[in-house]
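*Asks:* The letter at position 174 of the sequence shown is residue 174 when you use full-length UniProt numbering, and the numbering goes up by one with no holes.
Just so you know, these hints were derived from the structure itself, not from any lab. Some hints here could point you the wrong way.
[Unchecked claim] Ranges of calculated distance between the beta carbons of each label pair, as one might list FRET restraints:
{"no.": "1", "residue 1": "A170", "residue 2": "I66", "range": "22 to 32 angstroms"}
{"no.": "2", "residue 1": "R189", "residue 2": "Q225", "range": "41 to 51 angstroms"}
{"no.": "3", "residue 1": "V256", "residue 2": "D167", "range": "18 to 28 angstroms"}
{"no.": "4", "residue 1": "L298", "residue 2": "T146", "range": "47 to 57 angstroms"}
{"no.": "5", "residue 1": "T194", "residue 2": "R76", "range": "45 to 55 angstroms"}
{"no.": "6", "residue 1": "L45", "residue 2": "R19", "range": "32 to 42 angstroms"}
{"no.": "7", "residue 1": "L73", "residue 2": "T146", "range": "44 to 54 angstroms"}
[Unchecked claim] In the BS3-like style, the derived pairs of lysine-lysine whose C-alpha atoms are separated by at most 27 angstroms in a straight line are:
{"no.": "8", "residue 1": "K259", "residue 2": "K243"}
{"no.": "9", "residue 1": "K261", "residue 2": "K291"}
{"no.": "10", "residue 1": "K289", "residue 2": "K259"}
{"no.": "11", "residue 1": "K201", "residue 2": "K58"}
{"no.": "12", "residue 1": "K261", "residue 2": "K96"}
{"no.": "13", "residue 1": "K153", "residue 2": "K209"}
{"no.": "14", "residue 1": "K255", "residue 2": "K243"}
{"no.": "15", "residue 1": "K261", "residue 2": "K201"}
Beta carbons: idealized from backbone N, C-alpha and C, even for Gly.
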Amino acid sequence: MLLTKYKLLVFRNHEGSCRSLPFWNGVIPAVTLLLLLLAGSAFYLWSISRDYDSLLDKQAEYDLVIGRQHAELLSRAAEVFSLVGKSRHIKAFNSKLSIMLSFDRTDAGLPRGGPYRRMDGVVPVALMSERQLGRSLHSMLDDMNTSLALEEKIQQEIIAAMVIQSDQFARIPSIWPVRGRFSSPFGYRINPVTRRRQLHKGVDITARKGTPVRAPADGVVVYAQRFSSYGLTMEIRHGGRFKTRYGHLSAFEAKVGQKVKRGQVVARVGNTGRSTASHLHYEVHMDGKLKDPMHYILN
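Using the sequences plus the hints, can you model the full thing?
*Replies:* Below you can see the structure in the form of structure tokens.
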């Protein structure tokens with residue numbers, strides 16, 4: 001049956017001629033099967049294409065959601081890191097007050113390393129995975145709670161000590177004597193004049209000649225004249241423990257024996273003595289020993 005031969009007659013329009021096309025009986029089911037296969041394949045491909053487009057749309061939605069979540073996580077991380085910075089400033093402020101009041105504080109309850117170390121680590125926040133960020137944030141928040149609780153307790157004790165020692169606190173140098181550019185710290189350095197390494201006994205603050213120099217605490221002027229390489233120099237005694245010295249001045253605004261208050265103008269910035277530019281050299285002495293003035297400046 002499948003090998004039975006047939007002829008298909010094809011007539012031309014308006015002409016009597018025709019053309020015969022021979023074919024076998026098996027061709028019809030074969031062509032029908034082929035068409036069905038092609039239709040099925042086309043439908044399958046269309047179905048897959050539709051599912052793929054749907055998956056792409058969902059993937060785009062997920063990417064947007066994940067992007068928003070990641071951006072929000074980064075924002076929260078930045079806020080936490082900002083709080084960590086503020087916590088550090090509070091701790092530094094409390095530490096200065098503790099030093100000034102000879103208040104013994106303990107950091108036994110503070111965490112060591114941990115997120116404080118990770119925050120300044122090698123991996124930038126923006127490059128952290130969400131898992132890394134999540135772990136860091138949880139750890140940092142736990143440590144911050146511990147740290148802030150301890151700092152709050154210490155601050156309350158310091159405030160209580162300040163109330164008791166209010167008169168003494170007024171005689172502790174705690175403000176910048178002049179506003180300017182901090183140009184040289186306390187400690188060993190290469191002397192800009194001699195080019196030799198030696199101890200810098202105070203801090204240098206660059207300012208224009210004539211800029212007011214203010215007393216950092218209540219006290220009495222005990223020295224006001226030219227002194228060695230310091231040029232015009234002033235010294236103020238603040239109670240029995242503290243003394244401050246000001247070098248390279250251009251003029252005095254207070255006299256020896258005069259009582260001065262914190263913030264009062266006592267001299268003017270200059271460039272006298274062994275100096276390369278107009279600035280103030282500022283020293284703090286406690287119990288006859290040199291101290292880093294930055295440990296006592298609160299503002």
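*Asks:* Taking the hints in turn, state whether each one holds.
*Replies:* Hints, one by one, checked against the model:
1. A170 - I66: 22 to 32 angstroms: With a Cβ separation near 58 angstroms, A170 and I66 fall outside 22 to 32 angstroms, so the hint is violated.
2. R189 - Q225: 41 to 51 angstroms: Violated: the Cβ-Cβ distance is about 27 angstroms, outside 41 to 51 angstroms.
3. V256 - D167: 18 to 28 angstroms: Distance hint for V256, D167 holds at roughly 23 angstroms.
4. L298 - T146: 47 to 57 angstroms: For L298 and T146 the Cβ distance comes to about 25 angstroms; the hint is violated.
5. T194 - R76: 45 to 55 angstroms: 53 angstroms, holds
6. L45 - R19: 32 to 42 angstroms: 37 angstroms, holds
7. L73 - T146: 44 to 54 angstroms: 23 angstroms, violated
8. K259 - K243: The given pair, whose Cα atoms are some 14 angstroms apart, holds under the 27 angstroms limit.
9. K261 - K291: Judged against 27 angstroms, a Cα distance of about 21 angstroms means the pair holds.
10. K289 - K259: With a Cα-Cα distance of about 23 angstroms, the restraint between K289 and K259 holds, given a limit of 27 angstroms.
11. K201 - K58: 68 angstroms, violated
12. K261 - K96: Distance of about 21 angstroms is within 27 angstroms: holds.
13. K153 - K209: Since the Cα atoms of K153 and K209 sit roughly 44 angstroms apart, the hinted pair is violated (cutoff 27 angstroms).
14. K255 - K243: 16 angstroms, holds
15. K261 - K201: Answer holds: K261 to K201 is near 24 angstroms, not above 27 angstroms.
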